[in-house]
Amino acid sequence: MRKMKVVFHLDFDDTPAFELALVNITNFLKDVEDAEVVLLANGFAVKLFVKSSAKKFAEKLEELSRKGVKFYVCNNALNAHSISREDVFEFCEIVPAGVTKLVELQESGYAYIKP
Amino acid sequence: MRKMKVVFHLDFDDTPAFELALVNITNFLKDVEDAEVVLLANGFAVKLFVKSSAKKFAEKLEELSRKGVKFYVCNNALNAHSISREDVFEFCEIVPAGVTKLVELQESGYAYIKP
Amino acid sequence: MRKMKVVFHLDFDDTPAFELALVNITNFLKDVEDAEVVLLANGFAVKLFVKSSAKKFAEKLEELSRKGVKFYVCNNALNAHSISREDVFEFCEIVPAGVTKLVELQESGYAYIKP
Numbered sequence: 001m002r003k004m005k006v007v008f009h010l011d012f013d014d015t016p017a018f019e020l021a022l023v024n025i026t027n028f029l030k031d032v033e034d035a036e037v038v039l040l041a042n043g044f045a046v047k048l049f050v051k052s053s054a055k056k057f058a059e060k061l062e063e064l065s066r067k068g069v070k071f072y073v074c075n076n077a078l079n080a081h082s083i084s085r086e087d088v089f090e091f092c093e094i095v096p097a098g099v100t101k102l103v104e105l106q107e108s109g110y111a112y113i114k115p
Numbered sequence: 001m002r003k004m005k006v007v008f009h010l011d012f013d014d015t016p017a018f019e020l021a022l023v024n025i026t027n028f029l030k031d032v033e034d035a036e037v038v039l040l041a042n043g044f045a046v047k048l049f050v051k052s053s054a055k056k057f058a059e060k061l062e063e064l065s066r067k068g069v070k071f072y073v074c075n076n077a078l079n080a081h082s083i084s085r086e087d088v089f090e091f092c093e094i095v096p097a098g099v100t101k102l103v104e105l106q107e108s109g110y111a112y113i114k115p
Numbered sequence: 001m002r003k004m005k006v007v008f009h010l011d012f013d014d015t016p017a018f019e020l021a022l023v024n025i026t027n028f029l030k031d032v033e034d035a036e037v038v039l040l041a042n043g044f045a046v047k048l049f050v051k052s053s054a055k056k057f058a059e060k061l062e063e064l065s066r067k068g069v070k071f072y073v074c075n076n077a078l079n080a081h082s083i084s085r086e087d088v089f090e091f092c093e094i095v096p097a098g099v100t101k102l103v104e105l106q107e108s109g110y111a112y113i114k115p
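Protein chains in written order, with my numbering: chain A, 1 to 115; chain B, 1 to 115; chain C, 1 to 115.
For reference, chain A alone in the conformation it holds in the complex (with noise of 0.2 Å):
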C-alpha cells in the first residue's frame, strides 16, 4: 500500500493555529504510522521558527523531527522579515520559494491541509 502525503501549510504567526497544527500532526502520526508529514512555513509563519522567540515549542517540534515530520521554512519570507538561517530551528529546511514547493508537493501526491 500507497505511503499517505501531507503538507500542513502555516502562512500566519498565528499560535493557535500553529498549536492546532501540531496538534493535528500528532494525531495523524498516532494514527498513520508510516506516512510522509511535511510543515511548510512562509508569510508571516517562519516568525514560529525562530529558536529565540519559539522556545515554548521547541521540545514538540524536536519530538516531530525526530519522527519523521519535515519543516519546510520559505526563503524569500527569511528575507522579507530580515530572519537569518542561524536564527532558524536546525532541524528546519530552508526552501527557496514556499509556494513552489506546495504545488511540487501537491502534484506529487501530497494532501493540503491549511490549519
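Bear in mind the hints are in silico, worked out from the structure with no lab data behind them. It is possible that some hints are incorrect.
[Stated by the list, open to error] Below 30 Å or equal to it, Euclidean Cα-Cα: the simulated DSS-like pairs (lysine-lysine) are:
no.: 1; chain 1: C; residue 1: K47; chain 2: B; residue 2: K60
no.: 2; chain 1: C; residue 1: K30; chain 2: B; residue 2: K55
no.: 3; chain 1: B; residue 1: K56; chain 2: C; residue 2: K114
no.: 4; chain 1: A; residue 1: K5; chain 2: C; residue 2: K47
no.: 5; chain 1: C; residue 1: K55; chain 2: A; residue 2: K5
no.: 6; chain 1: B; residue 1: K3; chain 2: C; residue 2: K51
no.: 7; chain 1: C; residue 1: K3; chain 2: A; residue 2: K5
no.: 8; chain 1: B; residue 1: K70; chain 2: C; residue 2: K101
no.: 9; chain 1: A; residue 1: K114; chain 2: C; residue 2: K30
no.: 10; chain 1: B; residue 1: K60; chain 2: A; residue 2: K114
no.: 11; chain 1: A; residue 1: K101; chain 2: B; residue 2: K67
no.: 12; chain 1: B; residue 1: K67; chain 2: A; residue 2: K114
no.: 13; chain 1: C; residue 1: K60; chain 2: A; residue 2: K114
[Unchecked claim] Using C-beta positions, here's what the derived DEER-type ranges look like:
no.: 14; chain 1: B; residue 1: E90; chain 2: A; residue 2: S82; range: 52 to 62 Å
no.: 15; chain 1: B; residue 1: K55; chain 2: C; residue 2: E62; range: 15 to 25 Å
no.: 16; chain 1: A; residue 1: T15; chain 2: C; residue 2: G68; range: 35 to 45 Å
no.: 17; chain 1: B; residue 1: G68; chain 2: A; residue 2: E62; range: 36 to 46 Å
no.: 18; chain 1: B; residue 1: F91; chain 2: A; residue 2: N79; range: 48 to 58 Å
Just so you know, these numbers come straight off a predicted model, no measurement behind them. Built from N, CA and C at the ideal position, the CB exists for glycine as well.
Fit chains B and C to the supplied structure of chain A, relying on the hints for placement.
Using the frame of chain A, we list chains B and C on its own:
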C-alpha cells in the same frame, strides 16, 4: 461523467467561516446537482455541531443533510473538548481522526476547500 | 515538462491575506516562469476587487494580470453583496459559482493554496 467531489474543512469555531461554508455548499448544490459534498470539522470546529449551542444552524444543517451532504466530526477533537457523541447532531458521522480522513478524501479525488 | 498550475483562494476581505496572496504570486512567478496562476475570490473577498475601494492594489493587480495571472470573481458573491460587474476591475473574469470553479480547477490538476 464523473461526480464532482469536495470536502470543506473547518477547524476553528468561527461563526463567519461556518456561515460561509454553509453558503458555499448551498451554492455548490444549486450549481451541481449530483455531487459528493463533505463538511469535515476537527479542532475547535467540532463545537459548531453541538446540539445545545448550535440551535441557530440546526434547520439549515438538517436541510443539507437531507440533500446528501455528509458531516464528519473528529473524535480526537470531541475527546479533547470533553464532548460526547450524544451532544452532537445525530446526522453527523464521527470519524476517528479528522486529519486522516482529510488526507484519505483528497487521495480519493476530493477537492479541498478551506472557508 | 508539464506546466505548474495553482489556484490561490480568498474568501474574506482580509487585507493581510490579500497582500500575502499577491506576494505569494509575485514570488511564484519569479521562481516559475511558465505557470498557470489563478486567484479566485468568493464570499466577502469579492469586495477586494471593487475598483472604487481597491485603488491601492490596482497597479499591482494590473501588473500581475499582464503577466498572465487570472482573477476569477464569484458571481453568487457579487449578487449577495449587491456589487455589479461594472464595479469590478475589468481584468477580472466573473465566474458563476466560485466553489464550483475551485473544484473544477483542482480536478484539472491545479494545486490549492489558501493564504
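Cross-check of the supplied hints:
1. Between K47 (chain C) and K60 (chain B) the CA atoms are separated by roughly 26 Å; this keeps the pair inside 30 Å, and the hint holds.
2. Distance hint between K30 (chain C) and K55 (chain B) is unfulfilled; the C-alpha atoms sit about 49 Å from each other, more than 30 Å.
3. The suggested pairing of K56 (chain B) with K114 (chain C) holds, with an alpha-carbon distance near 28 Å, which does not exceed 30 Å.
4. The hinted pair formed by K5 (chain A) and K47 (chain C) fails the criterion: a straight-line CA distance of about 36 Å is larger than 30 Å.
5. Between K55 (chain C) and K5 (chain A), the direct Cα distance comes to roughly 41 Å. Violation of the 30 Å bound is thereby established for this hinted pair.
6. With a C-alpha separation of about 37 Å, the suggested pair K3 (chain B) and K51 (chain C) falls outside the 30 Å cut-off, and the hint is violated.
7. The suggested pairing of K3 (chain C) with K5 (chain A) holds, with an alpha-carbon distance near 22 Å, which does not exceed 30 Å.
8. Distance check on the hinted pair: K70 (chain B) and K101 (chain C) sit about 21 Å apart at the alpha-carbon level, within 30 Å; holds.
9. As the CA atoms of K114 (chain A) and K30 (chain C) are separated by approximately 24 Å, the hinted pair is consistent with the 30 Å bound.
10. With a C-alpha separation of about 26 Å, the suggested pair K60 (chain B) and K114 (chain A) falls inside the 30 Å cut-off, and the hint holds.
11. In summary, the hint linking K101 (chain A) to K67 (chain B) is not supported, as the alpha carbons are separated by about 38 Å, beyond the 30 Å threshold.
12. Taking the CA atoms of K67 (chain B) and K114 (chain A), the gap is near 27 Å; set against the 30 Å cutoff, the hint holds.
13. A hinted pair counts as satisfied when its Cα atoms are at most 30 Å apart, and K60 (chain C) with K114 (chain A) qualifies at roughly 26 Å.
14. The hinted window of 52 to 62 Å between E90 (chain B) and S82 (chain A) holds, with their beta carbons roughly 53 Å apart.
15. Between K55 (chain B) and E62 (chain C), the C-beta spacing of about 47 Å breaks the proposed range 15 to 25 Å.
16. Range check, T15 (chain A) to G68 (chain C): about 37 Å between beta-carbon atoms, so the 35 to 45 Å window is met.
17. At about 45 Å, the CB distance of G68 (chain B) to E62 (chain A) agrees with the hint of 36 to 46 Å.
18. Against the hinted window of 48 to 58 Å, the Cβ-Cβ separation of F91 (chain B) and N79 (chain A) comes to about 49 Å, which satisfies the hint.
Checked against the numbered hints given earlier, the structure breaks hints 2, 4, 5, 6, 11 and 15 and satisfies all the rest.
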